[in-house]
Structure formats: structure tokens, C-alpha cells
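Participant: Here are the chains, one letter per residue:
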Amino acid sequence: MSNLLEVRDLHVTFVTPDRTVHAVNGVSFDVARGETLGILGESGSGKSVTLRSILKLHPEHRTRWSGSIRIEGDEVLSMGGKALADLRGNRVSMIFQEPATAFDPVFTIGQQIAETVRRHTGKSDAEAWKRARELLELVRIPSPAQRLKAYPHEMSGGMRQRAMIALALSCNPSLLLADEPTTALDATVQIQVLLLIRELQRELDLGVIFVTHDIGVAVEVSDRIGVMYAGKLIELASVEQMVDSPRHPYSRGLLASTVHEGMRGKRLEAIPGAPPDLSAPPAACSFAPRCKFAEAKCLAAPPPLRETGDNHSVRCVLAA
Amino acid sequence: MDTIVPATDRGGPAQPLLLATGLRKHFPIPGGLLGRTTKVVRAVDDLSLAVAKGETLGVVGESGCGKSTVARLLIRLIKPDRGTMVLDGDPVDEPHGITVNELRRQVQMVFQDSYASLNPRLTIVETLAFAPKAHGVPAAEARERARDLLAKVGLEPANFADRYPHELSGGQRQRVNIARALALRPRLVILDEAVSALDKSVEAQVLNMLVDLKQEFGLTYVFISHDLNVVQYLSDRVMVMYLGKIVEIGHVDAIYGSPQHPYTRALLSARPSMDPRKRTKEAPIQGDPPNPIDPPSGCRFRTRCPYAEDVCARVEPVLADTGAQSVACLMYTAGSGHSKAARP
Numbered sequence: 000m001s002n003l004l005e006v007r008d009l010h011v012t013f014v015t016p017d018r019t020v021h022a023v024n025g026v027s028f029d030v031a032r033g034e035t036l037g038i039l040g041e042s043g044s045g046k047s048v049t050l051r052s053i054l055k056l057h058p059e060h061r062t063r064w065s066g067s068i069r070i071e072g073d074e075v076l077s078m079g080g081k082a083l084a085d086l087r088g089n090r091v092s093m094i095f096q097e098p099a100t101a102f103d104p105v106f107t108i109g110q111q112i113a114e115t116v117r118r119h120t121g122k123s124d125a126e127a128w129k130r131a132r133e134l135l136e137l138v139r140i141p142s143p144a145q146r147l148k149a150y151p152h153e154m155s156g157g158m159r160q161r162a163m164i165a166l167a168l169s170c171n172p173s174l175l176l177a178d179e180p181t182t183a184l185d186a187t188v189q190i191q192v193l194l195l196i197r198e199l200q201r202e203l204d205l206g207v208i209f210v211t212h213d214i215g216v217a218v219e220v221s222d223r224i225g226v227m228y229a230g231k232l233i234e235l236a237s238v239e240q241m242v243d244s245p246r247h248p249y250s251r252g253l254l255a256s257t258v259h260e261g262m263r264g265k266r267l268e269a270i271p272g273a274p275p276d277l278s279a280p281p282a283a284c285s286f287a288p289r290c291k292f293a294e295a296k297c298l299a300a301p302p303p304l305r306e307t308g309d310n311h312s313v314r315c316v317l318a319a
Numbered sequence: 000m001d002t003i004v005p006a007t008d009r010g011g012p013a014q015p016l017l018l019a020t021g022l023r024k025h026f027p028i029p030g031g032l033l034g035r036t037t038k039v040v041r042a043v044d045d046l047s048l049a050v051a052k053g054e055t056l057g058v059v060g061e062s063g064c065g066k067s068t069v070a071r072l073l074i075r076l077i078k079p080d081r082g083t084m085v086l087d088g089d090p091v092d093e094p095h096g097i098t099v100n101e102l103r104r105q106v107q108m109v110f111q112d113s114y115a116s117l118n119p120r121l122t123i124v125e126t127l128a129f130a131p132k133a134h135g136v137p138a139a140e141a142r143e144r145a146r147d148l149l150a151k152v153g154l155e156p157a158n159f160a161d162r163y164p165h166e167l168s169g170g171q172r173q174r175v176n177i178a179r180a181l182a183l184r185p186r187l188v189i190l191d192e193a194v195s196a197l198d199k200s201v202e203a204q205v206l207n208m209l210v211d212l213k214q215e216f217g218l219t220y221v222f223i224s225h226d227l228n229v230v231q232y233l234s235d236r237v238m239v240m241y242l243g244k245i246v247e248i249g250h251v252d253a254i255y256g257s258p259q260h261p262y263t264r265a266l267l268s269a270r271p272s273m274d275p276r277k278r279t280k281e282a283p284i285q286g287d288p289p290n291p292i293d294p295p296s297g298c299r300f301r302t303r304c305p306y307a308e309d310v311c312a313r314v315e316p317v318l319a320d321t322g323a324q325s326v327a328c329l330m331y332t333a334g335s336g337h338s339k340a341a342r343p
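Residue numbers (numbering that gives the first Met the number 0), protein chains in the order written: chain F, 0 to 319; chain P, 0 to 343.
These are calculated hints, taken from the structure and not from any lab test. Any given hint could be a false lead.
Unchecked claim - Rough simulated footprint, nothing fancy, chain F against chain P, three-plus residues with beta-carbon under 8 Å:
id, region
1, 33-44
2, 229-243
3, 258-270
We put the CB at the ideal spot given by N, CA and C, even for glycine.
So that you can see chain F by itself, here it is in the shape it has in the complex:
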């Protein structure tokens, strides 16, 4: 059993009386222990929905799931009650974009971490507080003993995000899910948190899935990168392959339209149009309407994710 996580043909559909959204349309990937998978995509691509499905965080009565999500061999989609509660925090945990809303404002950081430790491990009060202090040290928060007594609003954005990482790691999960955890942070703080996540991943041999819309951020933390578009993984490759030779026209367009040094004065290669409406499941390549290489066969059927060698997969009938 080498893979920590195996996702197979995951479909997630949200159904309300007004409308139906096909948010995720057949996503498959693996994450090994000690590996960081970056999931890159724009808003509405299904990257966060995929991530939250791993903890079954979507509202039960409005969500239709199909496919399979296995953590160390155990099927998540059929879990409920005790098994699910045991999964969340103990085996898989998650950090979010906005640490200010993820913490409860009326309890101190220490109370919240200690409560989590007590609840999940049954440790005594004193042991739980000791563990909370160790966790703040682990995430390199200066003067941890004082910081345990701080309320979330008394901390800066970067400190709060470190505290949330501490909370997420409090019960020794083997898989950490990160949903744009540095997007709300300032540039000089973002890089500190990215480096912290990278270091902790190595120290604790964690599997990490890091969802972001920022290519630079994905490159800093990931071993492999998956690019999502319209609820599907359209390319999956090592970070080097993705940066050096992206094969899907959307990945290529995304890299070309991302402004970086040396582009001054040149016209940006923008991708025309906008992502599709997801009220119906895609009947063809979802990117074809925006793709300058599109041909008749692109509109005939949804293209499969094909392995093109070197563990590089592309969902495009035109890619070699």
C-alpha cells in the first residue's frame, strides 16, 4: 500500500431546487506519503470542491457524489458518523485561506488547540496544553507560552496562519489539505508560510495537497502539479515538466498569460473568453471554445486523460 490517497473518477454535483452545478466531473489522482501535489486552477475550476470532498465537507443533502476516495485503503465517500469524525483531524486535516474566520474569536489560541488535542486523543488538560505549546514551537511562533493566551484578533495574519497550521497538525494527520492558505497574506509573509509548510511536510513526512491559483506558489511547494479546468484535471505532471513543457493548450495559455519578469512592453498572450457554465456535464472538451487549436474531433466527445510518457498525463486529443 504505497499511496496515502487514491481518488478515482470523482464526480461532485450540487443540486438545489433552482439549479444544478456539475462542479467536479471525473477526477482521478494519487498522493503518496511525503509528497506534495499542487492543484492549480482558476475560480470555478473545481479545485476547492475536490479538496473538500476528501473530508466530505460539502452539505450532505445538496451534494451528489460518485467515484471513490480512499485514504490508506478506507473509502471516504461511504463514511459517516464516528468513522468520519475519526478521519477528520486524526488522519486528514485542512488549513484554509482565511485563518481569521477559521478560529473561534471568543477563545484563545491555546484553548482551541488544547481542546482539539483533548477531544481527539483523550489527553489530560495539562498534557493537552503542553502539546499546544509544542505545536506553536513547531510552527516557529516566537514566545509560544505567551501566544497560547492570545485571542485570534490579537495576532497578525501570518501568526494566525501559523497557529492554524499548528491546530491542523495537532493530532498527527498523515495528509494535510491546504486551500489557498497564503492567498490572503502579504508577500513577505506568504513566502515565510510557504517555506514553513515545505519544511513541516519534510519533517513530518506528510502528504500535502496544496490548492492555489498562483503558479509561483505552486512551483515553490509542489512535487507534482495538476491543472484543473471546468471540473476536470486536464494535465498532471512533475513540477519541472509542467513549467518546462506544459502540453495542454490551457496550461500553456495559463503560463503564458501569467505576468512575470521580462514581459515588459510585450503584449500578453491572453486566453480569450471565459470558463464554461457548469450547469450540464461537459459533452466535449470544455476548453475547446477558447482553444486556438480546436478541431472537429475536440467537440465530438470529452477527451480522456492520457499518459504521454514520463508520468505526464494530458487531457487533450491533440497533445502528442
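Starting from the known structure of chain F, arrange chain P on it as the hints suggest.
Facilitator: Structure of chain P alone, referenced to chain F:
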């Protein structure tokens, strides 16, 4: 007939379009007994800048550095506590100068939140015609002009004119906001994080459009963003702010090619690497930016600066010309007493 005529150039190309001197804005925080002010946020402190005609001035800095307060001061959405502004030779809000209303006709602004900045009850064409009508353009003509503007920002008028904001995507809404800013034929457009909420593929479309519109309408931009790469792409000059002060300002190539202020250097090397073989090994500076309430004495960056010395706590550095750029740092001030400064 075009009733709204763009203001003509008055002082010639060498006269700055907008000159701000000694701008200061402190926000009192009510608290303490009987709601008395106990603390102040020193958002912008004695800031002077000149925007040249036809240039794009980029403004970068982290949250709390005062960059949005500067934008709001330049268009007088908020009144400065102190300081003066001159628009192409005309003092603003002074007896012999121009009124704030006239300033706002010539200076327009685009905000980050494309949805919050549009009236949800007005169709796009009504939104774009609103300001010209308020300035005396007949309604039919204002609507006609609105349709022309929609075409200029790449939105087919027949398809978009009668829609409401919620029927547009984020990118389309931001195009409408840009069109609205241009409706009064302004000379200066302040873009406050105007592309920051857009997806990368859409951001590139809007950036290309901003370049085209600048050319076509002879505009000057003040482009405020936290995205250093986008600022580098668009700007001629760049101003770096930290806790309400300018720390460095100069030509874009000087700022990005040979940054001098330790903060500018840290900010630039905090950008994520785009090369997986050259990942960032170490964060350039530790900690978060301090709270703009009670900023550090002397140099405000000293608490995070690797070169800080005792003198930095006592002496407040002023912007000094170092050749290609101006820097507010005691290391570049001859005779300041800093060990790295030149002796007088």
C-alpha cells in the same frame, strides 16, 4: 456633438499632471473614556509625489502601508489632514484653483471589487451614462456614448448594454468599471488593485486592454497593486511604500534591477520563484508588517531590517536622490551616522 470635452493640457509636458505635497492622513480610533481618541492610525504621513503626464506610476506595498489611502486622497474621496494638491498648475480646493468636483472629472478611479462598485439596480448602459448626464450631457447622447465606450472595452453593446451587473462575469464587470471611469474623459485614472480579483487568464486580457486605452485616450495611470510582477509589466516609475511612507521611488528598471532600500530588496526577493530548480531557500525577512498604529520611531522599517543600527531608531530618514532613484534609508544618507553611510 461631444459635450464632454477632455480637459486640454495647460502647463506643457514638463509640468506634472498631479503634484501632491506633504499629504497626511491619520485616522483616529475612538476608544477610552467617553469615546475620546486614544490612538491614531498613521495611514499616510507627509507624503509628496508628482505624477508626470502620460506615465504609469506603479505603487506597491503590503497591507497597511497606506497605498489605498493615497489613492483615496488623490481623488479626494477622503480629505487630507494636511498637504496640498495641484492638478496641471491648478491648486485643488483653494480660492484661485479648481474645485474638488472638477478634480474628480479629470481624475477617475477603478476599485478592486467589481461588483460592489456597480449599482445593482442600474443596467450597464445606465451606469455608464450616469456621470455624463450629471454633468449636463443630454440623456440620449449619454446613452449613445455609453454604447461606444462598451465597444471600446471589448463588450458588444447589443449584447451587454441592457444587462445588470449580476449578469456579468468578474472580468466583464471590471471592463464596465473601466469604461465608467473613462466616461468623463479623465486625464488621470487611478487603478486600485483593479485586476487583483481577476483570474490570470482574464487579468491578461484586461492588462492588454489597459495598455490600449492608455494609448487611445492619452491617459496617465496610477496603478496600485500588491502584485509586483504586474506592476513591473505596466509601470514606467514605481513607488514603494511601507507604513505610510515612501521608502523608494524611481524608474521601473532601477527599482527592479538595482533596488536599494532593504525593504524593496526583501519585497522583490519574496516573490515565489517560477523555476522549480531555483526555489526560495530562505525568507528574506521575518515577521509581519507592524501595525500602523504607533509605528516604530525613526525609520519605520528598522524592526524588520537586517541592517538596523541604533541611529535608525532616533533619526527618521528622508527621501534622497541616489542617481537612478530616491531612497529613504540612512545607509544612503551621507553623514547620517549609520556605519554603512558615506562619511560627510
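Participant: Each of the hints needs a verdict: does it hold here or not?
Facilitator: Verification of the hints:
For the region 33-44 of chain P, the stated coverage by chain F is violated: 0 residues have a C-beta nearer than 8 Å to a C-beta of that chain, whereas at least 3 were required. Under the rule that three or more residues need a Cβ within less than 8 Å of chain F, the assignment of the region 229-243 of chain P holds, with 3 such residues. With 4 residues bearing a CB less than 8 Å from a CB of chain F, the region 258-270 of chain P meets the requirement of three and the coverage assertion stands.
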